[in-house]
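**Q** Can you build the whole structure from these sequences, using the hints too?
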Amino acid sequence: VTAMVVLDNLPLDTKVKISKNAADTPSIPPKLYEGEVYTVEDLLYLMLMKSSNQAAVALAEAVAGSEDNFTILINEKVRSLGLRESHFSTASGLPAPNQYTTSYDLALILYEALKYPFIKEVINTPVKIITSAKGRTLIIKNTNHLLEDRHLKEEIIGGKTGFTRASKHCLVNAVRIKDRLIITSVLGAPKRDILWKDSKKLIKFSELVLEN
Numbered sequence: 035v036t037a038m039v040v041l042d043n044l045p046l047d048t049k050v051k052i053s054k055n056a057a058d059t060p061s062i063p064p065k066l067y068e069g070e071v072y073t074v075e076d077l078l079y080l081m082l083m084k085s086s087n088q089a090a091v092a093l094a095e096a097v098a099g100s101e102d103n104f105t106i107l108i109n110e111k112v113r114s115l116g117l118r119e120s121h122f123s124t125a126s127g128l129p130a131p132n133q134y135t136t137s138y139d140l141a142l143i144l145y146e147a148l149k150y151p152f153i154k155e156v157i158n159t160p161v162k163i164i165t166s167a168k169g170r171t172l173i174i175k176n177t178n179h180l181l182e183d184r185h186l187k188e189e190i191i192g193g194k195t196g197f198t199r200a201s202k203h204c205l206v207n208a209v210r211i212k213d214r215l216i217i218t219s220v221l222g223a224p225k226r227d228i229l230w231k232d233s234k235k236l237i238k239f240s241e242l243v244l245e246n
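Heads up, the sequence shown is in the numbering used here, so the first residue is 35 and it goes up one at a time.
Think of the hints as simulated: they come from the structure by calculation, not from any bench.
You may find that some hints are simply not true.
Below, a list of computed lysine to aspartate or glutamate pairs in the EDC-like style, where the Cα atoms sit at most 16 angstroms apart [as the list claims (entries may be wrong)]:
1) Lys-84 x Glu-155
2) Lys-54 x Glu-70
3) Lys-234 x Glu-189
4) Lys-187 x Glu-155
5) Lys-187 x Asp-213
6) Lys-168 x Glu-70
7) Lys-162 x Glu-182
8) Lys-49 x Glu-75
Derived DEER-like restraints, expressed as beta-carbon distance ranges [unchecked claim]:
9) Asn-132 x Arg-210: 34 to 40 angstroms
10) Thr-165 x Arg-118: 39 to 45 angstroms
11) Val-71 x Thr-159: 17 to 23 angstroms
12) His-179 x Lys-51: 30 to 36 angstroms
13) Gly-69 x Gly-99: 14 to 20 angstroms
Note that CB positions come from ideal geometry on N, CA and C, so glycine has one too.
**A** This is the structure:
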């Protein structure tokens with residue numbers, strides 16, 4: 035949802051300076067530092083491929099001035115999509131009061147996100163190199179290991195992983211089977227390996243459904 039709202043409001047070549055607030059946001063590597071400048075495009079790759087919470091906050095501030103203001107736009111977007119079981123209090127998905135969603139709503143969100151060609155391109159990218167305005171180079175690898183699965187290489191479109199201690203390992207993912215779009219949504223997997231296995235089981239089940 036954050037990516038859709040950003041793309042609704044900012045051109046990809048917009049330059050974004052990392053604030054102290056964004057730099058201080060807990061996040062997995064690569065770390066972004068206060069004062070660094072990246073394009074919206076770079077930060078979206080970091081956010082969607084690597085789950086960078088810092089990138090999400092920086093983008094939120096670039097769009098709306100603050101993350102709090104941005105969440106207003108997020109929830110307006112959610113309501114415009116007809117979702118009734120989701121409410122977001124952060125741009126990154128980090129735990130916060132009154133923040134919730136469902137596996138079904140996440141599937142619908144990915145369905146809508148795939149209408150954005152740039153999002154579709156990013157989530158299908160295994161590895162990306164981005165560079166800050168001052169020349170710092172970051173090599174980022176997609177956290178969705180299904181992109182590397184040899185059994186899915188013809189069908190995979192891509193998706194988004196997630197993890198918090200409360201929600202455990204999560205993945206919403208899209209493939210194309212028999213010319214049909216199949217979206218799987220798995221929440222609460224205790225380990226990443228189980229996340230990949232359960233998602234593949236759902237994909238296989240969808241094949242059986244399409245074959246009657």
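**Q** Now tell me if each hint is right for this structure.
**A** How the hints compare with the structure:
no.	hint	verdict
1	Lys-84 x Glu-155	holds (14 angstroms)
2	Lys-54 x Glu-70	holds (10 angstroms)
3	Lys-234 x Glu-189	holds (12 angstroms)
4	Lys-187 x Glu-155	holds (15 angstroms)
5	Lys-187 x Asp-213	holds (15 angstroms)
6	Lys-168 x Glu-70	holds (8 angstroms)
7	Lys-162 x Glu-182	holds (15 angstroms)
8	Lys-49 x Glu-75	holds (9 angstroms)
9	Asn-132 x Arg-210: 34 to 40 angstroms	holds (36 angstroms)
10	Thr-165 x Arg-118: 39 to 45 angstroms	holds (42 angstroms)
11	Val-71 x Thr-159: 17 to 23 angstroms	holds (22 angstroms)
12	His-179 x Lys-51: 30 to 36 angstroms	holds (33 angstroms)
13	Gly-69 x Gly-99: 14 to 20 angstroms	holds (18 angstroms)
In terms of the numbered hints stated before, the structure departs from none.
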